[in-house]
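Could you build the full structure based on these sequences and the hints that come with them?
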Amino acid sequence: MKRPHPLRSGMQGCALGTSEPLLKDIGVVKMRDRFDIYVGGEPKGLKTSFAKLLVSGLTEDRLVPVVTAIIHFYKAHAKGKEKFNKFVDRISLEQLQQIAG
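Just so we're aligned: the sequence shown equals residues 1 to 101 in this note's numbering.
A few of these clues could be false.
Claimed, not checked - Each computed EDC-like pair below joins lysine to aspartate or glutamate, with the alpha-carbon atoms no more than 16 Å apart: (1) Lys79 <-> Asp89; (2) Lys52 <-> Glu20; (3) Lys47 <-> Asp89; (4) Lys44 <-> Glu20; (5) Lys52 <-> Glu94; (6) Lys86 <-> Glu42; (7) Lys30 <-> Glu60; (8) Lys30 <-> Glu20; (9) Lys52 <-> Asp89; (10) Lys30 <-> Asp61; (11) Lys52 <-> Asp36; (12) Lys52 <-> Glu42; (13) Lys83 <-> Glu42.
Said to hold, decoys possible - Now the in silico label distances, taken between C-beta atoms and shown as ranges: (14) Gln95 <-> Ser49: 16 to 24 Å; (15) Met31 <-> Thr68: 15 to 23 Å; (16) Arg34 <-> Gly80: 33 to 41 Å; (17) Thr59 <-> Gly80: 30 to 38 Å; (18) Lys79 <-> Gly57: 25 to 33 Å; (19) His72 <-> Asp33: 20 to 28 Å.
Hint data in this document are derived by calculation from the structure and do not stem from the laboratory. The structure presented is a predicted model; accordingly, all values stated were derived computationally and were not measured. The C-beta atom is built at its ideal place from N, Cα and C for all residues, glycine as well.
This is the structure we're talking about:
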């Protein structure tokens, strides 16, 4: 899928050792039989940051549609080659939560 800037994603199968997905553009953490999605992590540079919780408690059947909707929204609304974490900051977590709805 074409994107304005390469996206980094990560998934963790349990709540222990969840730092890797929290440093990705889109991170997924499995909590028992549900999933949490985090967005906007940045591991490089002087301004590193952890991803923010976008949605919590998703069922497995909703996981792929929500992540796909986020990526399509990013493709449609990013400015040039805008990095995903800058995009999340610009449009707000609340607006992305509506997209993930």
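Quick rundown of the hints versus the structure:
1. Lys79 <-> Asp89: 13 Å, holds
2. Lys52 <-> Glu20: With Cα atoms ~13 Å apart, Lys52 and Glu20 stay inside 16 Å; holds.
3. Lys47 <-> Asp89: Between Lys47 and Asp89 the Cα gap is close to 13 Å, so the pair holds against 16 Å.
4. Lys44 <-> Glu20: With Cα atoms ~13 Å apart, Lys44 and Glu20 stay inside 16 Å; holds.
5. Lys52 <-> Glu94: Answer holds: Lys52 to Glu94 is near 11 Å, not above 16 Å.
6. Lys86 <-> Glu42: 9 Å, holds
7. Lys30 <-> Glu60: Holds: Lys30 and Glu60 sit about 9 Å apart, inside 16 Å.
8. Lys30 <-> Glu20: 13 Å, holds
9. Lys52 <-> Asp89: 10 Å, holds
10. Lys30 <-> Asp61: It holds: about 13 Å lies between the C-alpha atoms, which stays within 16 Å.
11. Lys52 <-> Asp36: Answer holds: Lys52 to Asp36 is near 10 Å, not above 16 Å.
12. Lys52 <-> Glu42: Between Lys52 and Glu42 the Cα gap is close to 11 Å, so the pair holds against 16 Å.
13. Lys83 <-> Glu42: Roughly 10 Å separates the two Cα atoms, so the pair holds.
14. Gln95 <-> Ser49: 16 to 24 Å: 18 Å, holds
15. Met31 <-> Thr68: 15 to 23 Å: 21 Å, holds
16. Arg34 <-> Gly80: 33 to 41 Å: 36 Å Cβ-Cβ, so the 33 to 41 Å window holds.
17. Thr59 <-> Gly80: 30 to 38 Å: 35 Å, holds
18. Lys79 <-> Gly57: 25 to 33 Å: Check passed, 32 Å falls within 25 to 33 Å.
19. His72 <-> Asp33: 20 to 28 Å: 26 Å, holds
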